[in-house]
Amino acid sequence: MAISKEEFDLFRTYIKDKSGITLNYGKEYLVENRLSVLMAQNGCETLLDFYKKISLNNSQLGKKVIDAMTTNETLWFRDATFVEAMEDKVIPWLIRKAAKKTVRIWSAASSTGQEAYSVAMLIDDALRKGGAAAPPANRFQITGTDISPSVIFMAVAGRYSQLAVSRGMRPEFLTKYFKKEGVVYTIDEKLRNMVTFKQLNLTESFLTMGQFDLILCRYVLIYFDEDLKLKICSKFHKALHAESLLAIGATESIRGSKDFTRILTGRSTLYYPLSKGNDTFNGF
Amino acid sequence: MSESNRDDILRTLAAVSDLPTLPQVVTKLQEEMASPNASAGSISDIIREDPAISIKTLRVANSPLYGLGRKVTDIRDAVRVLGLKEVYNIVMSMSTLNLFKSDTHINYKKFWTHCLSVAFATKAIFEFTGDMERPLEKEELADLFIAGLLHDIGILVLDQYKPELYKMVLQKVSELGEVPLYGVEYELLGISHGEIGEFLMNKWNIPAHIATAVAFHHRSEAITGKRELTEILHIADFICNNQGLDNGLGVLPTSFSDEAWSNLNLSINDISAIIEKVRVESENSAILMALA
Numbered sequence: 000m001a002i003s004k005e006e007f008d009l010f011r012t013y014i015k016d017k018s019g020i021t022l023n024y025g026k027e028y029l030v031e032n033r034l035s036v037l038m039a040q041n042g043c044e045t046l047l048d049f050y051k052k053i054s055l056n057n058s059q060l061g062k063k064v065i066d067a068m069t070t071n072e073t074l075w076f077r078d079a080t081f082v083e084a085m086e087d088k089v090i091p092w093l094i095r096k097a098a099k100k101t102v103r104i105w106s107a108a109s110s111t112g113q114e115a116y117s118v119a120m121l122i123d124d125a126l127r128k129g130g131a132a133a134p135p136a137n138r139f140q141i142t143g144t145d146i147s148p149s150v151i152f153m154a155v156a157g158r159y160s161q162l163a164v165s166r167g168m169r170p171e172f173l174t175k176y177f178k179k180e181g182v183v184y185t186i187d188e189k190l191r192n193m194v195t196f197k198q199l200n201l202t203e204s205f206l207t208m209g210q211f212d213l214i215l216c217r218y219v220l221i222y223f224d225e226d227l228k229l230k231i232c233s234k235f236h237k238a239l240h241a242e243s244l245l246a247i248g249a250t251e252s253i254r255g256s257k258d259f260t261r262i263l264t265g266r267s268t269l270y271y272p273l274s275k276g277n278d279t280f281n282g283f
Numbered sequence: 000m001s002e003s004n005r006d007d008i009l010r011t012l013a014a015v016s017d018l019p020t021l022p023q024v025v026t027k028l029q030e031e032m033a034s035p036n037a038s039a040g041s042i043s044d045i046i047r048e049d050p051a052i053s054i055k056t057l058r059v060a061n062s063p064l065y066g067l068g069r070k071v072t073d074i075r076d077a078v079r080v081l082g083l084k085e086v087y088n089i090v091m092s093m094s095t096l097n098l099f100k101s102d103t104h105i106n107y108k109k110f111w112t113h114c115l116s117v118a119f120a121t122k123a124i125f126e127f128t129g130d131m132e133r134p135l136e137k138e139e140l141a142d143l144f145i146a147g148l149l150h151d152i153g154i155l156v157l158d159q160y161k162p163e164l165y166k167m168v169l170q171k172v173s174e175l176g177e178v179p180l181y182g183v184e185y186e187l188l189g190i191s192h193g194e195i196g197e198f199l200m201n202k203w204n205i206p207a208h209i210a211t212a213v214a215f216h217h218r219s220e221a222i223t224g225k226r227e228l229t230e231i232l233h234i235a236d237f238i239c240n241n242q243g244l245d246n247g248l249g250v251l252p253t254s255f256s257d258e259a260w261s262n263l264n265l266s267i268n269d270i271s272a273i274i275e276k277v278r279v280e281s282e283n284s285a286i287l288m289a290l291a
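Protein chains in written order, with numbering that gives the first Met the number 0: chain L, 0 to 283; chain B, 0 to 291.
Isolated chain L (complex conformation) (with noise of 0.2 Å):
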C-alpha cells in the first residue's frame, strides 16, 4: 500500500480537525503502516473505503486512528510556556498548600502516564530544592485517568522505550528518575509511589473522584463537541477545592463554560473554578 499526496492529506485534515495536531509531511510512511493495521483489523481494501468508515461518524474508530497517528504527540512536559508556568507559578503555590494538607491533581485522560509523571517529576526536583522546609512527597497524591485499560497498564508499567523517553524528556530527568533496563527506561518507585492510575470514562460521572486541587485535562476537550465539552467542564468544577485551578491544552478554549475564569495572561491556559467563595484566584 503506498498513500498518495490527495490521501495523505484527507487523513491529514481529518486528524487536524478532530484533534488539533498537525501531521507533518514526510510523515506519509509511517501514516501508510499505522493505518495498514487499522485498515487490516477492519476489514478495508483501500484507503478511501477505510476513510470512508472513519468519516461515517464512528468516532470509536476515528479516536482509534487519531490515537495510531499521534502517538509521537504523548510527550513529557508537554507545552514549554506551560512548563515554566507550572514551575514558577503554580508547583510553589501548590507545595504552600502542601504544608497544611494533602494536596490532590488529577491528571485526566492521562494516556500512558507521561504527564502524570512529569508533574510528580516536577514537585519531586522542587520538593529537592526546598530543602529541609519542603512538605514531604506524600503530601502530594497525583491520580491520572483513562477510558483505556491498555494506556493505563503501560502508565501503571512505567515502562518506557528510547524513543519514548526522546519526546520532550529533560536529559537530567532522565538520568534522576528513570533506570535503564536493556533497551527500556523504567520510572523510579518514588514517582511511581506518587501517581496511581484509574479507569475513567470523562462522560461519566466524577462522583468517585473526590475534590482536587489542580486538574489537568489539556488536549482532550478538543475531541467532545461544545455541550459536552461544558458538561465535562461542569463536572470538573464541581471536583475541584475552592482555590484550585484547571489546565487545558494551548489550542483549547473552554470560553463558553460560565463555571470559570481565565487567569494570567499570555499563552496560559489555567482557569479559576467560580461561585466557590472568592472569586479572584490570590494564589500567586
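Just so you know, these hints were derived from the structure itself, not from any lab.
There may be inaccurate statements among the hints.
[Unchecked claim] Selected chain L positions facing chain B (Cβ under 8 Å, derived; list incomplete):
hint	residue
1	Asn32
2	Val150
3	Ile151
4	Leu162
5	Gly167
Backbone N, C-alpha and C define an ideal beta-carbon position, used for all residues, glycine too.
Let chain L serve as the given structure and place chain B on it in line with the hints.
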C-alpha cells in the same frame, strides 16, 4: 505488491517439501489423544518408544516446575501424576524447541524463551480473569500452553523460507521503532506471522481452535464467536513483551486490545499483581530451555 506477495508466500510454503515436521512421537500422541480409548497406559507406551523424549519428559516432571516432592521414575508414573495433557505439553515443548535451529539473525534462545514465557503467562492471566460470557473449559487451559508455545512460530517459517523478504520486514521494523511487526508484515507481505503459524499448525494437525488463536493473536477482535483463548494469548504476549521477555526482534508493543481486556473481565486494580505473577510464572521457561 503485498497481495501478490501473500499469494506467492502461500504458494511457496504449500510447495515446500522440507517444512519442519513434528517428531513421530508427537503425531502418534495426537492420534492417540483424539481416540476415545486413550489411557495412561497407551500414552506412556507411545512416549517410551522415543527414548530421548522419554528421558527429557522425566527430567521436566522431576524439575522444580512441578515440585512434586517425590521422584517420578517412569513415564507411566509421570502421566498418572501430571495428567495426559500436561505430559503432551512437555513432549510438544521438548520437540518444537529443537526445530528451526539453523543460524540466522534471530536469537533462538531469546525467541523460544519468549514463546515459553507467553505459554506460562497465559496461566497467570487466566487466574485474574473474571466472569466471561463464554468461560474456558478446563481442557482449553492446557491448550493455552500450546498456543503460547507456538504463537510466533510463523516468524521462523517466514525467516527460513522467505529470508530476503523477511529481512526487509525486520529492517523496516527496526528503522521505524514502535510499529507493530504484524503491521509491517501486512504491508510488505500481505500476511502476518500469525496466519503463517496457523498454516504450519494445520499441517501439524494441531486442533483448529489453537491454530485460530495463533492466527489472530494480534487481532482478536476479528474473531466472531468464542475468542477468549485468543484474547488471553494476546494479553499474555503483550505483557511478556512489555516486561522485557520479548522475542528479540526489537519490537516493543505499545498497546493491547481494550476489548480483549474488558471481555476477559480483567481489572485495572490487578495490573501490578498480574505483572508480578507473569514474571514469576515465566521464570519456568528457563527450566524447559535448559532441559530441551
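Hint by hint, here is what the structure shows:
no., hint, result
1, Asn32, "5 Å, holds"
2, Val150, "7 Å, holds"
3, Ile151, "6 Å, holds"
4, Leu162, "5 Å, holds"
5, Gly167, "15 Å, violated"
In the structure shown, a violation is registered for the earlier hint numbered 5 alone.
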